[in-house]
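Q: Chains as they are written, first to last, in our numbering: chain A, 1 to 429; chain B, 1 to 372.
Fair warning: there could be bad hints in the mix.
As the list claims (entries may be wrong) - The calculated lysine to aspartate or glutamate pairs, modelled on EDC-like cross-linking and capped at a C-alpha distance of 20 Å, are:
{"no.": "1", "chain 1": "B", "residue 1": "Lys-320", "chain 2": "A", "residue 2": "Glu-296"}
{"no.": "2", "chain 1": "B", "residue 1": "Lys-160", "chain 2": "A", "residue 2": "Asp-387"}
{"no.": "3", "chain 1": "A", "residue 1": "Lys-422", "chain 2": "B", "residue 2": "Glu-229"}
These are calculated hints, taken from the structure and not from any lab test.
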Amino acid sequence: MSLLDKPAGDPMKTAGAPHRVNHRFRLPTSGPVRVLLALGALVFMLSVVRVVSGANDITSSGTIGAALALSIPIAMAGLGGLWSERAGVVNIGLEGMMILGTWGAGWAGYQWGPWTGVLVGALFGAVGGLLHAVATVSFGVDHIVSGVAINILGLGVTQFLSVVAFEGVPGAGESQSPPLANIREVSIPGLADPLLTLQKKEWFFVSDLAGVARGLFTGVSLLTVVAILLLVLTYVVLWRTAFGLRLRSCGESPSAAESLGVNVYLMKYAAVVASGAFAGLGGAFLAIVAGNGYREGQTAGRGYIGLAAMIFGNWRPGGLAAGAGLFGFTDSLQLRRGGESVHALLLLLGALLLAVAIYLAVKRKLLPAAISALVGAGALVWYATTDEVPGAFTTMTPYVTTLLVLALAAQRLRMPAADGLKYRKGQGG
Amino acid sequence: MTLDWRRIGLAVAAPTAALAFALLVTALVLVSTGDPVWSTAQVVWDYGTQPRVIALTFNQGTVYYLSALAVAIGFRMNLFNIGVDGQYRLAAFCAAVVGSKLDLPKPLMILIIIATAMLVGAMWAGIAALLKATRGVSEVISTIMLNLIATSLVAYLLRKAAVDVAGSNNIGTKPISERGALPGIPLIPDSPLDVYGFILVAAFAGVVYTVALGRTRFGFDLRATGSSESAAVASGVNVKRMVVISLLLSGAVAGLVGMPQLLGGDSRNYSLDFPAGLGFTGIAIALLGRNNAIGMALAALLFSFLDSSAIILDINDISKEIVLIMQGTVVLSVVVVYELVRRYGVAAEQRRVSQELAGATDEPATPAGVGA
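The following block holds chain A by itself, in its conformation from the complex:
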């Protein structure tokens, strides 16, 4: 695409071109390097914001650790969405499956230990997935309708089961399970103390890096590690195996897949059941690691946010992880001196939007540029005229972020071509 791609025989280029070509800066193409660079840039920006605003908590190891933990349930729900939608089934029932997962984990966890709780949570979610698969794949019910019904049912079933199963159990009640034992936390040895010292120096960028590293590599629950491995595993299975190719082909063009001998129903069933299991696992994480047992209403819409993270991530595991990280981060900020930290983020938001506005203006898209500039300026004025953001606004940060991101990115996204469409065997056009 760039000048470098031109054929070598180009007369202009063979003569005096090389030094001209070198003016063009190119990002390294290899994936991991890019991710590291992007992360570095992000930490750099946050560092600038921290120094300017004095909100020292936005890159502290506590915030980052909480962000990691909070992003896992969202990422698991998102993974659920990914599996299902890659096979062409929209799964808005993730929330209900996640609720089933929290309950399953709470119920099994207090009796047979946290890891059994994790498995049973995933199993409960998978049952919800199976129900969704029966309704959408076998009976051809509209996917969103079935999902909504599963959300209603998931809530009802768990409330009912709580009354039946937790009555008279010590430490439990009608809307909560007994407290659960936690899952072991692991750290990379020898990192915690030196990084903390470094973080406390409040040096520009260095302390921020130390805080981020300490948050990511120390005191991490084993289940978090498992979840991250599952994210990688999903990528490998869906994009690097024949099974994955078949599964994704069902989401792009089921009748073409059928003509090549793929058992589309089986693939869709497998995908949606797996989807439920991931959502259930996310629920189990909430009940065991993030909370201290099942509580009614514990998911608080995280199933939906996982879905949004997946859409934000353009139906790809890497993008999904970035989306989940973003939500986890904004979520964790509100837990830790939210007013101040979210206030500092206003500065970042304003600066970013102004940059977008300049970019758009250069591209001669004047109306979007004007809107971005206006909103960006508004954020900066808000930042300058106040010291803190009220509590209610920090609660809504993740949701507003979702809307903003979707509004900015929705047109670049491409969902699987046959996502949400009905498929009947032998009736392909």
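Since chain A is already given, all that's left is putting chain B on it; use the hints.
A: Below, chain B alone, put in the same frame as chain A:
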């Protein structure tokens, strides 16, 4: 046009079958927890047919009906307005604040309160509409986010505008004066409780919904867009405009959901314990009633009957959550049964046509394939 009895029969059979299935599931759950099935049903029925409880059922049904109507307007165009929940809460809050500041003649006051609610509901839905029309953001996700944002926003505004509700640690907006009260109707004989006057507004809204969708060009465009967007575009429908208009209308109707309680209840304010989650019930009822005005009315009554039976179940020491299971099962089974019935209908139609065609080809004058 003659009545197609077969079709009507199928339309009635489907929800009946679903209801029977849900009853069966509920009975199985009761059996599994060791509760008696028959006497439980007896208790629920006896309680539910008391005049006072019937009035309560109608009141709650009115609210559910409006919520379902709001959802149905979107459904008819293949739009999922999951945001009715946030829309009605924000609308009821704003209407309560506006109403508490007004002191006008009664009809004017009530009209202004209702208009405020409809306007706020439409505006909140309008955000999702604009995002969809201009940026292509799925309304499913955006309305869910708007619900969550509305929850925080209302909590924040309530704390700003709140006064303490007498005799509790509840907080709420300042009550609307007596002039803003919509009188109840003694609809149920022998009942000490009146039915919300707002039931008339709900009924009127149902009529408008039916006529506007079934008998106007706008309604035709809306349904056409829902059935086939490409066909609608080909016949000159501006789909983006339709998206915005129908979501605005849906939001405006959603604004009405909180009104029976606000204008007809005792406290006439918006407080922390203002009913929440009605929007999601509305989705279920719209599905159950198949977006049909009468069907939704029946479904709304069924749901509120089940709701009121939760009270007596609790008193009789049977877990009231069984009502939620029944409601969830009835919704899921009804959509499955509708799909099965639809398939059956299509198959029957194909059989009928092929029989008629077979009959036609017997006549020597028509060569096969000409009619195709």
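Q: Each hint should be assessed against the structure and marked as holding or not.
A: Evaluation of the provided hints:
The suggested pairing of Lys-320 of chain B with Glu-296 of chain A holds, with an alpha-carbon distance near 15 Å, which does not exceed 20 Å. Distance check on the hinted pair: Lys-160 of chain B and Asp-387 of chain A sit about 19 Å apart at the alpha-carbon level, within 20 Å; holds. The suggested pairing of Lys-422 of chain A with Glu-229 of chain B holds, with an alpha-carbon distance near 16 Å, which does not exceed 20 Å.
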